[in-house]
Amino acid sequence: MNNKMLNTYKLPYCKGCGHHLIARNTETAFEKLGIDPLNTILVTDIGCQGMLDRYSNTHTVHGLHGRSAALGAGISFGLSDPKKKIIIFIGDGGSTIGLQHILEAARLNLDMTVIIHNNMLYGMTGGQSSGFTPCSFNTTTIKNENQIPNYDICKLVRSLNVNYVRRIIARGDFSEELKEAIGSVGFSLVEVVELCPSYGLKLNPGMKMDKLLEESGQEEGVWRHEKESKTEYKYKYNNPSLFEQTKQIEQEFKHNLKKPFSIIMAGSAGEGVQIAATFFANASIASGLSANQKGRYPVTVGVGFSTAEIIVSPEEECKYDLGELDVIIITSIDGLKNNRKYIKEMKNGILFIDKSLELPETSAQIISHDFRQIGAKSAAIYALFYAIKHTGIITQEALTKTIKQHRIGSKIPLEKIEEELSKKD
Amino acid sequence: MTKTNKKVILTNGSLLIIEALAKAGSDAFIGYPITPANHLYYYAMQRFPFALPAQDEITTLQWMSGFSVAGKLPVTATSFPGFALMVESINMAYMMELPMVIILVQRLGPSTGTATCGAQGDILTLRGLISGGYPVPTLTISDFDDCWNLSEKAASMAIKLRTPVILLTSKEMVMTSRSFDINNLAEINSIERNHYNKEETYQPYKPLENGVPSFLPVGHSKHQVRFNASTHNELGLLQHSTKEAMANTSRLQSKIKDNLSDFAYYELDEMENADKIILSFGISSIAAREATIKLRESGIKVSLLIVKTLLPILPKYYEILEKYKHVIIAEENLDGQYSKILYGEKVPENIININSIGKMINARQIIEEVSKI
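Just so you know, the sequences run in chain order L and G. Read left to right, the first sequence gives residues 1 to 425 (our numbering). Read left to right, the second sequence gives residues 426 to 798 (our numbering).
Derived by calculation from the structure, the hints in this document are not laboratory data. There may be inaccurate statements among the hints.
Unchecked claim - Quick list of the computed label-pair ranges, beta carbon to beta carbon:
(1) L:366 x G:797: 32 to 42 Å
(2) G:668 x L:83: 38 to 48 Å
(3) G:689 x L:246: 27 to 37 Å
Quick caveat: nothing in here was measured; it's all calculated off a predicted structure. Cβ coordinates follow ideal geometry from the N, Cα and C atoms, glycine included.
Excised from the complex, chain L in its bound form (with noise of 0.2 Å):
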């Protein structure tokens, strides 16, 4: 392989352009630096810039319109190797679609270096105006009138605290900028500004680049962070299994059913319903029934309903299917809203609902109590704990031993719910 970053000097360009300097000072740079061009990744983007791959002895990746900084991060995360340079070669336009791809790899500071190829406008595709084109500058779709501002990239780029941010004006020999960047450590970018010969030459006669710069309100420049640095993002090849996280549920007591058990829990979203669910899901295995648990919510999680139909069954393979209801537990009026329907053409179950609830038409039958009475939150479990001790499915036990092993079993105020069901007896 070459040890030359390039393979020709006949670069595909237009006499004049500015990008011929970019790749030359490059290579150069990479000289400099005693680079091989196997440890270089260059990624190049959709523009005038990326038709450079074929002439690169580096490896080359080119993808899609503005997305190379993007993909170059990932290229960054993906090899996870200081000893590679990734260089993102894109223009402009690339910059303008693909700004804030540019900026993230910029705040997660990683080890690549970004040269941004403006020449003001979109060359490739005749020349319309870009996120960078300066005020006074004329491109083939604003003329003479163009009073919106450009993007100062450099000064984006620097308030994210990254390494290594210059800018210059596309003339001569810059491959010591351009080693100083490369040769940094973490990000970095380069805004090389130059003319296109084709229609920013042509669109903007005698235009000087310093004084464009200049009322723009921008300047060549380097800056430096004070102390050079690179996030490290690392691999954890020895994650544990989730099935070891996952508690294993023993069968540890009986149950009382011959055929599927369905049952709907209604109430107000963060009043413990689903939580609930899951407790009476998990002590029914325990109880050596299978379950299948399903949560259903308004669009927006966290407000309004919030029901979870749960079916419990002797069978191995428990059903999805709800089927004809057992039981249905209603805890406030928004679980009651959203289950009516359910409530009215349930047949031979029972509806357990709180005493604050007007009752709803049903042939079920009804059985009304102050569930709320020991705190909204807790409205949820201990009309289970009712609903379970009434229709003896499985037994309160299972249910309390389900909850004191949870993480969170000790929130529930255990002792009140059996206070209260006692009182009952």
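With the hints as your guide, set chain G onto chain L.
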């Protein structure tokens, strides 16, 4: 009473999918929050060797492509609104021939639709995902066993065919919890990756006998490696529509279709003398299985085909379906997306579509329709 050979946990499909993918050797998970795929993201953050939040779904796919270019196997999980943002980048990864797994959890659309309601509405989108009509391998999960087995197959397919693979599921499969015996799960080993190891110059898109090019990550110290999303030749160099480049592009389809028999996953339960067959897939398989049992109990002869290799269509599916006088297709979308892919916009009279939006298809619906025949 206690069955000691069992290891029962209360789990959802998300946990099984992530554990299976991690065991299969996936290296990285890139996440962006979206309901109903959040459980997958949450579990992956704990389990994967590398897991990171991205700023959006375009970034997600670009980062994943970077991981893949570097020789890693990346995974993400999303739902349609996020998936839509990924499409251009999936085309890029497809053209670059990058292994990766994208878990698509379907929810009710169009647009943001209802985040907390399941669906099977993205089938036509998946069929037309790649500009030019090239097929993206899509496996779809019908139960918890599939969460485990097909996740491994998806990773294997991605690596062996050098392609993004879609692992398609729906809200209820990844969010509903069930008691599940993990002792019956097959062992999953990390998938071996065979990189190019010859002395002669590496050509990144030169196909092996099976049409799939051998892989090398960028950064290799002896061989120059190129990846290209634009039309290119076997060297990975950009070309216009040359003969060589077009051969490379059309190979993107043939490498998948020609090797599809190695990844032919379906469940066929045929009944002797039955002239009806129920076809279903994904979340609707639950109702299809239950309906089949009940129909048989009532004396109706009916067969069942659960499709798991959803796209591209296995030629075998037509062979099976052609044997039956009546084909009943159950899928949770407006008017039968998979049915349209199988039979076109004008569905033949012997095809009965059973569809539903906003709620799961249930066994009763299928039983009713089949009983009418």
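Verification of the supplied hints:
Checked against the given bound of 32 to 42 Å, the beta carbons of residue 366 of chain L and residue 797 of chain G, roughly 38 Å apart, stay inside it. Checked against the given bound of 38 to 48 Å, the beta carbons of residue 668 of chain G and residue 83 of chain L, roughly 39 Å apart, stay inside it. About 32 Å separates the C-beta atoms of residue 689 of chain G and residue 246 of chain L, a value consistent with the hinted range of 27 to 37 Å.
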